[in-house]
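*Asks:* If you read the protein sequences in the order shown, they are chains A and B. Numbering-wise, the first sequence is residues 353 to 616 according to this note's numbering. Numbering-wise, the second sequence is residues 800 to 1153 according to this note's numbering.
Just to be clear, a hint being listed does not mean it is correct.
To be verified - Incomplete in silico selection of chain A near chain B, CB under 7 Å:
| # | residue |
| --- | --- |
| 1 | F452 |
| 2 | M455 |
| 3 | V476 |
| 4 | G517 |
Unchecked claim - Listed next, the in silico DSS-like pairs over lysine-lysine satisfying Cα-Cα at most 25 Å (straight line):
| # | chain 1 | residue 1 | chain 2 | residue 2 |
| --- | --- | --- | --- | --- |
| 5 | A | K507 | B | K1132 |
| 6 | B | K809 | A | K507 |
| 7 | A | K558 | A | K507 |
| 8 | B | K1126 | A | K513 |
Hints were generated in silico from the structure; no laboratory data involved. Predicted, not measured: the structure shown is a model, and the values here were computed from it. Idealized CB from N, CA, C, for every residue including glycine.
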Amino acid sequence: MTIERKFKIGKPILEVKNISLSFGGVKAITDTSFDVLEHEVRAIIGPNGAGKSSMLNCINGIYKPQQGTVSFKGKEIPNITPNLMAQMGLSRTFQNLALFKRMSVLDNILVGRKLHTKTNFLEVAFQLPKVKKEEKINRERSEEIISFLEIEDIKDTPVGKLPYGLQKKVELGRALATDSSVILLDEPMAGMNVEEKRDMCRFILKVNDELGTTMVLIEHDMGVVMDISDRVVVLDYGKVIGDGTPDEVRSNQKVIDAYLGVEH
Amino acid sequence: MKPVFMTYTKKDLINLAVCMVLSVLVIPTFITTEYWYTSILIPWLCLALATIGQQIVMGYTGQLALGAAGFMAAGAFAMFNLILRVPDLGFVGSLIVSGLIAAAFGILFGLPSLKVRGIYLMVATLASQFFIIWMIDKFGWFKNYDSSGIITAQDIVILGKPFTTPLAMYFVCLAVTTVLTLLAMNMARGSTGRNWMAVRDMDIAAESMGVSLLRTKVQAFAISAFYCGVAGALFAFCYLKSLEPVAFDIKLSFKILFMCILGGLGTINGAFIGAAFILLFPVLLNAIGNNVFHGAIDATIISSIEQVIFGGLMIIFMIYEPLGMAKLWENIKQKWKTKISSSTNLKSSLGKKT
């Protein structure tokens, strides 16, 4: 990991401060804070039910935390909605795949270009020249992403018919198509075999390296996480129990206890 | 396939050319009986247009709505009042404005879709059906204080020329339907359609990609109601030639819903196939009743049989081909293609051997 990076890790781009989230009486997240630096690969790990996905949903605006704030690009965002975050340049994938099943791979990725589509429905209906121009640009960008992810041969297949591993790739593609500065990946490698995992890691690093996209990912597989991420935050029972480089986290006693169990 | 002209592929252009030749040249030359125009072709075009409206909101955007006939009534009565009170607009102008008035109702009654979904939305959209009909019945102004309850529609005059013969009216319907179908296809295949389908397939993901649920759903309802409004105006002026709220009752809404589902959800050509099937099927049954059984079966029994068969077909389609007749047609074409190609392959391989 001594190779010079094209995009140097910079200032915090995303900051989560004192977030608390509960569903009725169940506390999912308690007073959690961490930050994500520009151009880094940041992992959130933790045992099942630690509140990792809830954390992403808070950042992205799907859940509204009872307490705490999320700052993005130096601005504190009071009323977060998924739409607003997308417009500010934050995209995501979902744990249980949230693709548009009846649409083709290309169309799915084209939806990711939504924020780069400025024409309205009347202009589309009458196919004005600027619609064609815009559509051409969006299609070219989508094709680029498709060849980047090496899924050219399935681009016209309805996504619902694809195997799981490929669907995960398409979802990454859709997030990439937004040209966001930050992408949240919710378990991008869940349910994949070793080879597929290696592939996915390669893509994540390639995106981070070539486009400088900041990646925030949730992962179960400790080995994978330690290999690809710059910094790791460990959650357990909705609380941060460790935060730092992979090596620091690995030697953190609390983290070891949470993962391996501790004698009572 | 690569588009050759605008967004259309070579196949689309051939299809369009075939449809145009059939509808503009072949049908007017070979069909001379008025019955075909007044009772089959004109209502077919009108209802297909309304079904496209239903497709946009239900097939593409995935919002279960049941109130197409209400929007049709809004369009029809708007048309009547516009021609009566603002004669300067002309026929085409009035048609567009009545579509826009229906669209305004569409926006109003589409708002519940932001909070409720599925079967509950269907119930909520029923409000449009009942409210619009009630409003027209309640306030005499909409009917120009006509006491008989049935108003005769004004004659269609475009650029000073009257369009009163069945053939002329057929051409009016054909022109409007063709233009609106092409516009609908452009939207469905472009970024607008992708937003609709994204909302249909996974709304949370759509929102995370920057697709506004509010705007997309309301837009779909508005465009859908526009199509229904224009269809309703044509339905009243070219087919019924009269205006009465009863013509736009819930039964018509259901009919359009069936056309949409049987034709194939999320397809434009399905709207035409579905409308043709539901219109022609009773005609066919009647013909069988008269010619095969020589009137031995009572007409009321035939119309009951019709309902039974429709119900049965709906169930069969929902189970075996949820994407409807348009998909069925695709499959048949695909099968024929593979059959033809395999038989030519066989022939050529046999030819090589001998």
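*Asks:* Checking hints one by one. Is M455/A an interface residue toward chain B, by the C-beta closer than 7 Å rule?
*Replies:* This hint holds: M455/A lies near chain B, its Cβ roughly 5 Å from the closest one there, short of 7 Å.
*Asks:* Is the shortest C-beta separation between V476/A and chain B less than 7 Å?
*Replies:* Result: holds, 4 Å to nearest chain B Cβ.
*Asks:* Next pair to validate is K809/B with K507/A; report whether the Cα-Cα distance is within 25 Å.
*Replies:* With Cα atoms ~20 Å apart, K809/B and K507/A stay inside 25 Å; holds.
*Asks:* With a cut-off of 7 Å, does the beta carbon of G517/A approach a beta carbon of chain B closely enough for the hint to hold?
*Replies:* Hint violated; G517/A Cβ to chain B Cβ min 18 Å, cut 7 Å.
*Asks:* Taking 25 Å as the top limit, are the C-alpha atoms of K1126/B and K513/A close enough?
*Replies:* Within the cut-off at roughly 16 Å; holds.
*Asks:* Does the alpha-carbon distance linking K558/A and K507/A stay inside the 25 Å limit?
*Replies:* holds (21 Å)
*Asks:* Holds or violated: is there a CB of chain B closer than 7 Å to the CB of F452/A?
*Replies:* Because about 4 Å separates F452/A from the closest Cβ in chain B, which is inside the 7 Å limit, the hint holds.
*Asks:* Is the Cα-Cα distance between K507/A and K1132/B 25 Å or less?
*Replies:* Cα-Cα ~23 Å, so holds.
Consistency with the previously given hints fails for number 4 only.
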